[in-house]
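When you get a sec, could you build the whole thing from the sequences and use the hints?
Just so you know, the protein sequences line up as chains A and B, in that order. Quick note: the first sequence uses this note's numbering, first residue 1, plus one each step. Quick note: the second sequence uses this note's numbering, first residue 1, plus one each step.
It should be emphasised that the hints constitute simulated quantities derived from the structure, not laboratory data. Careful: at least some of the hints might be erroneous.
Claimed, not checked - So, partial list: chain A residues that the calculated Cβ filter (under 8 Å) puts toward chain B:
hint, residue
1, ILE41
2, THR42
3, LEU45
4, ASN48
5, LEU214
6, THR218
7, THR219
8, GLU220
9, ILE230
10, ILE238
Treat the numbers as computed from the prediction; the structure is a model and nothing was measured. By construction, the Cβ of each residue, glycine as well, lies at the ideal position given by its N, Cα and C atoms.
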Amino acid sequence: MKSSVKLVRAFLTYVVLILAALILLFPLFFALSVALQGDTITPHLLPNMANLDVSIFVRVLIQQPDLIRWIINSFVVSSLVTVGVLITSSLAAYAFATLDFWGKSIFFIIALGTLMIPFEATIVPNFLLISRLGWNDSYQALVAPFLASGFGIFLLRQYFLTIPRELYEAARLDGCGRTRYLWSFLVPLSTPALATLGLYTFLATWNQFYWPLLVTDTTEWRTTQVGITIFHSSEVQILNMQMAATLIILIPTLIPLVLGQRQLVRGLTAGILK
Amino acid sequence: MRYLKQCLLGMLIVIVLAACGGATPSGSGQSGPIKITFWYGLSGANGNVVQSVINKYNQSQNKYHVTGVFQSSYDDTLSKFNASIVGNNLPNVVQIYDIGTQRMIDTKKIVPVQNLINRDHLQSIVDDLEPAIRSYYTIGGTLYSMPFNSSTAVMYFDKNAFRQAGLNPDQKAWTYDELLAAAKKLTTRDASGKVARTGVALFDYAWLFEQEEAIQNALQATPDNGRTQRATKFVFNNQAGVNWLNFQKQLLDEGAATYSSSSASTDAATAFLSGKAAIMFDSIASLRGYIATAQKNGGKVDVGTAYMPRETNAQGRNIIGGASLWITNQGTSEQQEGAWDFIKFAVQPELQAYWSSNTGYIPIRLSTYQLADMKATLTKYPQFQSAIDQIRAAPTNYSNAGCIAGNLLTERNNVQQAMDGYLTGKISSAQTALDQAAQKSNSSLDEYNSALS
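Right under this line is the structure:
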């Protein structure tokens with residue numbers, strides 16, 4: 001009696017989870033379906049299984065061989081920005097959380113204040129700087145303005161504050177230097193927060209459109225989001241190439257997700273067993 | 001963790017290498033062909049044809065080499081152009097859409113094409129331009145940019161549906177009253193009383209509004225639609241505009257049409273091509289896409305084209321839309337020569353025949369129609385003729401040459417909001433809706449004009 005109730009409950013859980021997964025993944029399935037239906041303005045929900053146009057993915061790569069280069073560009077830029085943000089944010093957050101210095105709260109409020117400034121407001125000064133330095137069409141132009149993030153500082157500072165101060169004092173008593181404390185204690189203990197920040201920064205940088213459009217002038221230096229607009233059909237709504245290209249560039253974003261997933265899950269469940 | 005220091009060192013080396021690799025070498029000297037940069041905003045299949053035009057040009061001569069850079073969309077090209085003025089890295093040739101004309105003139109970074117035509121005594125090219133197309137890009141007697149891809153609006157309809165309903169599929173021009181009656185006949189219902197096919201699939205696009213005003217010989221802005229001097233006031237809230245809005249509302253009220261609040265033709269096109277609507281209005285440049293999809297869907301819809309509907313006794317003609325090529329005063333004088341050389345190549349009749357045959361845009365040169373390529377295209381796509389006939393239907397005047405103003409993008413949004421408000425019933429009178437839009441557009445125009453003085 002009891003085991004059959006358990007079985008029913010397990011079955012229902014699976015059904016609910018599968019339904020939820022289907023709903024969440026529906027856009028991807030639909031994109032795949034549209035991509036496989038050939039050049040038509042009126043795609044159906046499910047493709048005609050008899051004549052699937054699988055060659056569309058190859059056609060996308062043939063039409064724009066630079067697509068691979070765009071994926072590499074986006075990957076390099078996103079990785080560099082992520083590493084940069086992690087380093088600058090953890091250093092700043094460490095200072096705000098652990099050290100005491102004059103004007104600490106003022107600086108912190110300024111750092112928080114930068115969160116209120118929309119990116120569009122700083123486009124012109126950033127663009128002028130990049131142009132004057134002659135950094136058009138380069139990785140520096142795509143990376144440099146984003147290497148520090150007020151959000152990252154805030155997130156990590158809050159996380160560092162949850163680590164008990166006694167640990168810091170004990171380490172100092174044993175002769176641990178300040179930098180070594182950050183490196184050997186705080187960072188290993190904060191991997192969930194770091195993974196969250198890293199993943200968020202990676203995806204946000206990957207999805208940037210307007211800035212890469214402004215600072216890149218040649219096809220080789222474009223990033224994925226700017227690049228795939230070339231598949232947008234100009235006069236009629238023929239979507240298959242665009243969908244195929246979108247699916248292709250989706251794949252590299254899954255890599256950091258897979259790598260960071262364990263840390264993320266640990267971060268989500270970290271408070272439970274306290 | 002153990003190899004972390006090595007990893008960081010490796011990353012640092014990569015960053016340094018990338019920095020070194022990214023910097024463009026300067027002062028390498030001008031050996032080889034002179035480099036011309038060309039920004040364009042056409043994507044998809046038409047973008048590929050632009051690229052092949054560029055390749056043809058590069059192969060045809062050795063003096064200049066044009067590099068085409070795709071800029072995501074018409075809006076983004078203009079937006080990036082404006083941003084790049086401060087950075088001083090403008091292209092040599094750029095493709096900008098029709099409603100960006102006044103803005104381009106106001107940047108003062110362009111060389112009017114007329115100057116080069118006068119200098120090289122090439123008035124014959126200008127005389128050979130399709131008059132309607134030429135009239136759009138000529139302001140105050142000066143041709144500022146060279147037209148490149150032009151199109152106009154047509155009425156698409158399902159010939160099979162027309163035959164079923166006993167309507168004449170060969171009638172070229174329909175008046176509002178005739179079309180209203182036809183739409184009612186074309187609306188079919190299934191057994192349960194639900195509409196199976198509607199007469200007209202409407203959507204919220206200001207370009208069609210502008211077409212209707214031009215056909216009715218109404219000005220959009222004064223003075224003279226901005227063509228003799230700078231436009232100072234919008235007057236599109238006139239009887240012609242009200243007539244168009246009322247016509248659409250009547251269609252909806254009599255159950256003979258559906259309406260989509262989008263400014264893109266997607267919903268209307270999908271309905272039309274799946275046989276759920278018999279009539280829609282769109283650019284002639286979509287013709288091939290529609291024919292291809294109609295065939296793919298089993299050929300039930302026989303795509304035909306006709307003139308845009310009009311009030312009885314309307315005397316005007318359609319406006320053209322699309323984009324043109326602008327030469328910037330950026331770069332060396334040799335680069336500007338190269339830009340002009342490329343433009344001259346792109347408007348040759350043979351190239352226009354190639355261009356039109358592969359994209360479906362209207363050729364800009366009259367002499368193109370005598371070439372075998374073009375004749376073959378017209379035989380293959382007889383529906384194209386409606387577009388050509390429409391833009392030749394009446395002599396040019398300021399109303400049908402098109403409106404030139406600095407804030408047309410905002411103005412179009414205001415008109416679209418007004419149309420949407422009226423057609424969805426939120427605003428009770430077409431005149432009120434258009435008056436509101438005119439008021440908003442006028443204050444935005446005042447802002448634009450005062451920012452320039």
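| What are the numbers of the hints that this structure violates, sorted from low to high? | Hint check: 3, 4, 8 fail, others pass.
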